[in-house]
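Every position in the first sequence, counted from 1, becomes a number in our numbering once 315 is added.
Careful: at least some of the hints might be erroneous.
Think about it this way: if two alpha-carbon atoms lie no more than 30 Å apart in a straight line, the pair counts; the simulated DSSO-like pairs of lysine-lysine are [claimed, not checked]: (1) Lys754 to Lys849; (2) Lys432 to Lys697; (3) Lys596 to Lys638; (4) Lys712 to Lys754; (5) Lys811 to Lys849; (6) Lys754 to Lys697; (7) Lys609 to Lys685; (8) Lys685 to Lys697; (9) Lys754 to Lys703; (10) Lys586 to Lys638; (11) Lys811 to Lys324; (12) Lys639 to Lys609; (13) Lys697 to Lys609; (14) Lys324 to Lys432; (15) Lys791 to Lys849; (16) Lys791 to Lys811; (17) Lys596 to Lys685; (18) Lys586 to Lys678; (19) Lys678 to Lys639; (20) Lys712 to Lys697; (21) Lys586 to Lys596; (22) Lys609 to Lys638; (23) Lys586 to Lys697; (24) Lys811 to Lys851; (25) Lys586 to Lys639; (26) Lys638 to Lys685.
Derived from the structure by calculation, the hints contain no laboratory data.
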Amino acid sequence: MDIFSEFRKEIIQVVERLVAESVLPEGLDLARVAVDVPREAAFGDLSTNAAMVLAKPSGMKPRDLAARLTEGLAAVRGVVSAEIAGPGFINIRLDRNIWLRCLGDILEAGTAYGSSKIGGGDAVNVEFVSANPTGPLHIGHARGSVFGDVLASLLEKAGYAVTREYYINDAGAQVDVLARSVHLRYREALGEKIDQIPEGLYPGDYLCAVGALLAERSGDRWQRLPEAEWLPEIRGVAIDAMMGLVREDLAALGIRHDVFTSERQLVEAGKVDTVLEGLAKRGLIYTGVLEPPKGKKPDDWESRPQTLFRATEFGDEVDRPLKKSDDSWTYFASDIAYHQDKYERGFGTQIDVWGADHGGYVKRMSAATKAVTEGAAELDVKICQIVKLLDKGEPVKMSKRAGTFVTLRDLIDEVGPDVVRFIMLTRSNDAPLDFDLTKVTEQSRDNPVFYVQYAHARCHSVNRMAREAFSELTDKPEDGANLDLLTHDAELALIKLMAQWPRVVESAAHAHEPHRIAYYLYDLAAAFHGLWTKGKEQTELRFIVENNVELTKSRLAMVRGVRTVIASGLDIMGVEPVEELRG
RNA sequence: GCGCCCGUAGCUCAGUUGGAUAGAGCAGCGGACUUCUAAUCCGCAGGUCGAGGGUUCGAAUCCUUCCGGGCGCGCCA
Numbered sequence: 316m317d318i319f320s321e322f323r324k325e326i327i328q329v330v331e332r333l334v335a336e337s338v339l340p341e342g343l344d345l346a347r348v349a350v351d352v353p354r355e356a357a358f359g360d361l362s363t364n365a366a367m368v369l370a371k372p373s374g375m376k377p378r379d380l381a382a383r384l385t386e387g388l389a390a391v392r393g394v395v396s397a398e399i400a401g402p403g404f405i406n407i408r409l410d411r412n413i414w415l416r417c418l419g420d421i422l423e424a425g426t427a428y429g430s431s432k433i434g435g436g437d438a439v440n441v442e443f444v445s446a447n448p449t450g451p452l453h454i455g456h457a458r459g460s461v462f463g464d465v466l467a468s469l470l471e472k473a474g475y476a477v478t479r480e481y482y483i484n485d486a487g488a489q490v491d492v493l494a495r496s497v498h499l500r501y502r503e504a505l506g507e508k509i510d511q512i513p514e515g516l517y518p519g520d521y522l523c524a525v526g527a528l529l530a531e532r533s534g535d536r537w538q539r540l541p542e543a544e545w546l547p548e549i550r551g552v553a554i555d556a557m558m559g560l561v562r563e564d565l566a567a568l569g570i571r572h573d574v575f576t577s578e579r580q581l582v583e584a585g586k587v588d589t590v591l592e593g594l595a596k597r598g599l600i601y602t603g604v605l606e607p608p609k610g611k612k613p614d615d616w617e618s619r620p621q622t623l624f625r626a627t628e629f630g631d632e633v634d635r636p637l638k639k640s641d642d643s644w645t646y647f648a649s650d651i652a653y654h655q656d657k658y659e660r661g662f663g664t665q666i667d668v669w670g671a672d673h674g675g676y677v678k679r680m681s682a683a684t685k686a687v688t689e690g691a692a693e694l695d696v697k698i699c700q701i702v703k704l705l706d707k708g709e710p711v712k713m714s715k716r717a718g719t720f721v722t723l724r725d726l727i728d729e730v731g732p733d734v735v736r737f738i739m740l741t742r743s744n745d746a747p748l749d750f751d752l753t754k755v756t757e758q759s760r761d762n763p764v765f766y767v768q769y770a771h772a773r774c775h776s777v778n779r780m781a782r783e784a785f786s787e788l789t790d791k792p793e794d795g796a797n798l799d800l801l802t803h804d805a806e807l808a809l810i811k812l813m814a815q816w817p818r819v820v821e822s823a824a825h826a827h828e829p830h831r832i833a834y835y836l837y838d839l840a841a842a843f844h845g846l847w848t849k850g851k852e853q854t855e856l857r858f859i860v861e862n863n864v865e866l867t868k869s870r871l872a873m874v875r876g877v878r879t880v881i882a883s884g885l886d887i888m889g890v891e892p893v894e895e896l897r898g
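Taking the hints into account, I'd like the entire structure generated from these sequences.
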């Protein structure tokens, strides 16, 4: 149980009692009533802004209302004191047993601790990666991949029914280019001499294997035919092969999507036509002429009538084109159908994870989703800023020729999937991220992956040492521990921090910001390392207490709590907690 | 030109979605190892939260106008 939401309920009960007594008016909006951790520990354990946010609608002065609230709160079980502070804050001090009970909850729940039901089982679709099926994933894809996967896990932890989805852009011109590139490699595999890959085709050697496969499977069947006859077949084979590479890359990162949706199938099933017909019937599609973009004007700009969607009616700046000059659908058109499709599949909440270069696309997609679901679906587009790859502080030049690695797989092979995953979450998604190959494998406080893992490993280390000191301890020394022996302020402070975990999960899930998990774990690790070292100066604070197995067990229970919460957080991040850092 | 994101300590960034005296890490300075792994910890110093105006009990957070940086701006996805 989350202490903060528990006491928020208590506060609201006190408010409702005052309403019943006609001290407060009916119909107050309680949504803004919040329970927080006070800035200063000296202020108490919890604080609420209830008196301040309810004062005006109640026609009372904040401090007068606070006085009435504190009377009620003082009677709540577990409350030691409730005091008014500053402009009308109420600071609440809780009985130590409340916190010990929290620790008990953690030990009982294990890594399930922090799970929440705020999601209420609602279906959420998280669409991420969705890289074009034209080659293996590169470093640019790493951030969105990890972000999307961890956001999905976070939402699951918060009680949502999450679907991880990948949208395969297999309908545009790029996959035709892919097919031509593969055909060339196919001819090469059949013995033709290919000197240079022509401009505009994909040069990567990863296509050679596909060419060879085709040659083996089909012989020279496609070799001399005109393009129109081999293109669809070879395109299909090539896309399957590329998606195979993509899945392998994702698997190496520990990512697995539940659903892969093909743009081509959506188009071929007539989905795009149906959805856009619907929009046309509502008068949201028309033929018009767009102003050319000001400032940077394309050389080949030519004003002409286009099929446009009335995005401006749904918050966009200009109406957006749906058809290319060759009369085929734009990417935007099929993406409208895709978001409608997701809605029809039951996703009232949709999250798209995109790269920074797609930022300019957000408004039109939100507008379209609003239009096509008539406001019923909620779309949140998360933009991940770029990752700057560094080595010892110097930018890594991304050159295929120079042999500096650029693929996601190379990155994973270099530092391991856990490091990639953790580091990708050490910044907010809208902040650019420096990924320093040297720093991320360093063993120092500057490297958050190490720092958090070290805390977890230390927890195990204490257990190992304790069992050497006390032969009667089992591998679960915390079993039957008397938590009441935990009396020191520093110990309680650590437990209070652990008790914030459910709240961190809820707020991170609500904000769709998985990086908050990483920051919290870093803070928890810092608190634990601090307490550890304190035991050096004040030996009475050591976890392992000579000749006192009972106290040792209590403290090991607390250590177990730290270990559990860290493991619970790393689990969301998809990072394996380590038990030992050096062998 | 327009839109989106960003601007917080020398550097890199958090800031619980409007709360109390704005926080970490790195770099700098000063300390703590006959250890439950010092791969760590403690302390000091460092700020007109880009600038101005507004909203209110209260603003780094919301609105507005500028300044600076990044990304994008029909027939790529």
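Verification of the supplied hints:
1. Proposed proximity of lysine 754 and lysine 849 is supported: the alpha carbons are some 28 Å apart, at most 30 Å.
2. Proposed proximity of lysine 432 and lysine 697 is supported: the alpha carbons are some 23 Å apart, at most 30 Å.
3. For the proposed pair lysine 596 and lysine 638, the alpha carbon gap of about 17 Å is at most 30 Å, so the pair holds.
4. Restraint check for lysine 712 and lysine 754: the C-alpha separation of about 17 Å stays at or below 30 Å, so the hint holds.
5. For the proposed pair lysine 811 and lysine 849, the alpha carbon gap of about 18 Å is at most 30 Å, so the pair holds.
6. The straight-line distance between the Cα atoms of lysine 754 and lysine 697 is roughly 27 Å, inside the 30 Å bound, and the hint therefore holds.
7. This hinted pair checks out: lysine 609 and lysine 685 have alpha carbons roughly 28 Å apart, not beyond 30 Å.
8. Taken as a hint, the lysine 685 and lysine 697 pair is honoured in the structure, with Cα atoms around 17 Å apart against an allowance of 30 Å.
9. Straight-line distance between C-alpha atoms of lysine 754 and lysine 703 comes to about 13 Å, which keeps the hinted pair within the 30 Å bound.
10. Simply put, lysine 586 and lysine 638 have alpha-carbon atoms about 15 Å apart, close enough for the 30 Å limit, and the pair holds.
11. For the suggested pair lysine 811 and lysine 324, the alpha carbons sit about 19 Å apart, so the restraint of at most 30 Å is met.
12. Of the pairs offered as hints, the one joining lysine 639 and lysine 609 holds, with about 21 Å between alpha carbons and a cut-off of 30 Å not exceeded.
13. A hinted pair counts as satisfied when its Cα atoms are at most 30 Å apart, and lysine 697 with lysine 609 qualifies at roughly 27 Å.
14. A threshold of 30 Å between alpha carbons decides the hint, and for lysine 324 with lysine 432 the separation of about 16 Å falls inside it, so the pair holds.
15. A distance of roughly 24 Å separates the Cα atoms of lysine 791 and lysine 849; the hinted pair therefore holds under the 30 Å criterion.
16. A threshold of 30 Å between alpha carbons decides the hint, and for lysine 791 with lysine 811 the separation of about 23 Å falls inside it, so the pair holds.
17. Among the hinted pairs, lysine 596 with lysine 685 is consistent with the structure: their alpha-carbon atoms are about 16 Å apart, no more than 30 Å.
18. The suggested pairing of lysine 586 with lysine 678 holds, with an alpha-carbon distance near 22 Å, which does not exceed 30 Å.
19. Of the pairs offered as hints, the one joining lysine 678 and lysine 639 holds, with about 20 Å between alpha carbons and a cut-off of 30 Å not exceeded.
20. Straight-line distance between C-alpha atoms of lysine 712 and lysine 697 comes to about 27 Å, which keeps the hinted pair within the 30 Å bound.
21. For the proposed pair lysine 586 and lysine 596, the alpha carbon gap of about 16 Å is at most 30 Å, so the pair holds.
22. Only pairs whose Cα atoms come within 30 Å are accepted, and lysine 609 paired with lysine 638 is accepted, the gap being roughly 22 Å.
23. The suggested pairing of lysine 586 with lysine 697 holds, with an alpha-carbon distance near 26 Å, which does not exceed 30 Å.
24. Taking the CA atoms of lysine 811 and lysine 851, the gap is near 22 Å; set against the 30 Å cutoff, the hint holds.
25. Restraint check for lysine 586 and lysine 639: the C-alpha separation of about 18 Å stays at or below 30 Å, so the hint holds.
26. Between lysine 638 and lysine 685 the CA atoms are separated by roughly 20 Å; this keeps the pair inside 30 Å, and the hint holds.
Against the hints set out earlier in the document, no violation occurs for any number.
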